[in-house]
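Visitor: Residues per chain, in single letters:
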Amino acid sequence: MNGNRHKLIGSLLLAAILSAAPVLAGDATGPAAEFTLPARTGETVALSSLKGRVVLINFWATWCGPCRKEMPLLEQIQKKYAPLGFTLLGVNVEEDTAMMDTFLKDVPVTFPILLDPANGVSKLYDVSAMPSTVIVDRKGNIRYIHQGYQPGDESKYQDIIRQLIRERA
Amino acid sequence: MRSLLILLVVSPVALAGVLPEDRADAMYHYYDGGGIEIDGPSLLARKAVGEKVSVSASYYVDSISSASIDVVTIGASPNGYSEERTQWGVGVDYLRGDTTMSVGFSTSDENDYEADTLSFGISQEIFGGLTTVTLGYGSGADDVSRRGDAQFAGEIDRNSYRFGITQVLTRNLILGFSYEVVADEGYLNNPYRQVRYVDVNDPRGYATQFEVYPETRASNAAAIRARYHLPYRAALSGEYRFYTDDWGIDAHTIELGYVHPYGARWLFDFRYRFYTQTAADFYSDLFPYADAQNFLARDKELSTLQSHGPHFGVTYTILERQGDSPLKSTANLFIDNYFFSYDDFRDLRGSSSSSVGSEPLYDFDAFVLQVFFSLWF
Amino acid sequence: MRSLALVVISVVLLAGCGRLEPWVKPYERDRLADPIMSFDRNPVSGSYIDHVHEAREGARGASGSAGGGCGCN
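Protein chains in written order, with numbering that gives the first Met the number 0: chain G, 0 to 168; chain R, 0 to 376; chain E, 0 to 72.
Errors might be hidden in some of the hints.
Facing chain E, a subset of chain G residues (Cβ under 8 Å, in silico) [to be verified]:
(1) 48
(2) 60
(3) 62
(4) 92
(5) 129
(6) 157
Calculated directly from the structure, the hints in this document are not laboratory data.
Heads up, the beta-carbon is just placed ideally off N, CA and C, and yes, glycines get one too.
Only chain G is shown next, with the shape it has when bound in the complex:
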């Protein structure tokens, strides 16, 4: 009697976990949604202005441990592929920019840091994990989405970027 009840609860829990687990998005298709955001340096950046280049959009925040770990590696990717027609956009989702300024003093980056404190762009891109990485091809289509960051993910990004750089605009 007790064993059957345990099994029932167990299978219900399993069903819940299966239905609640979001789909792991690896490849996705469709045009990347257009947006315009202010950069840390003052000017505004529109995604459409980068058509013709491979773009990696990374959603991050200083309170997210994996995001902090990922930043220096994104800087390396930026330095390596920028001359080949690649741009990295770091979209910061924090309301308070003080933490971000302190962090970027210790971990300076050369790619644009865009500010999305109202989370409009995060919502537009259905960001469902921190960090989130979206890679867009030269034609403006989303070709790869990655949620979270584990050490080693940066080599996956580089594989996709190399492949997309070879494609023509």
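For chain G, the structure is supplied; the task is to place chains R and E on it using the hints.
Guide: For chains R and E alone, kept in the frame of chain G given last:
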């Protein structure tokens, strides 16, 4: 329960969870209350090995010098005694997707008591990480001996089952619920403690005999806790726990707290805790005659008691986290005070003035100090 | 046991209820990620205090901290 654990392990990978942070803590703890002084170190270290595994180890010592009321009144050592208890523990956590599986072992040793505990846990994030479900099972084996009595040997078999859910309700509010069942079987009383019963032939007015406890004890505890982030950087916390067991003890615990950071480096926290319990069915401070019941206890832990008191904590960040480096260190000083009062346990010290059964009710204050350093790496 | 089953089933229903979207987005979890919002900010202290309670009070379990330690005698 076993089938439930297996079903959860099989569930698919979704988004990645995160291993606990690498960390080391070194603490000095000190307790002074009711005639007992206990102090010693407590060390804890945790380190990730690769991307999916985290190992932890702990070392803990209680150096006890006791002239507690139990020991100086009806106990084996009218002048008190001292002893040392050492506890070691190790644990491994394995992360696979959103699931963390844990195994832990701890062993505790003192001159008349050894306890080994093996525990398993599984924790699953669901619902976009808003909900975390945890299941745990612990199995313990204790060996009880009695100083000065080589023939005596008792054993306890312990099993505990834990279920927990934490739920993010809003940006500022997180709720936790936990439920735990503990079942013990074996020699459950203290091999030294005695009960007293009225005996007009004894100059004290009472005589003593050894405690007799049931061979089993099953308990249920359910707790709900909440943390709320205020509009400025500070947090309120609250907790309520209900406990009941088949010995007749019902207990309520309420705790309220407030954490207040100050500047970039300081953190102050304050809590107040209330605890109240009813006595075990077979507990009595004074039985009417010898062998009055099948089961007899005079352990004040099983009496009708209340305990309440504050906690103050100060944390200073010695080394702040910089950039992408995990390095951070803090120094901490925590003080807790407990006021224990008993409704049906009497203070027998110096009680020749009181008649048997009307000695003053016992109460005492306890002071607890924790000084520790933490390092994240 | 019955109350436990009830809690579990309500979680199941809530989570399985036609792809109910998480209402707190991951980019809105900054305050929840703050250490002051942690239930057990210092595990070395949490387990010690649980041990202090269990050794002197009759209740045990559901303390929210990793392990209560040996209350012993």
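Visitor: Checked against the structure, which of the hints given earlier come out wrong?
Guide: Hints 1, 6 contradicted; others consistent.
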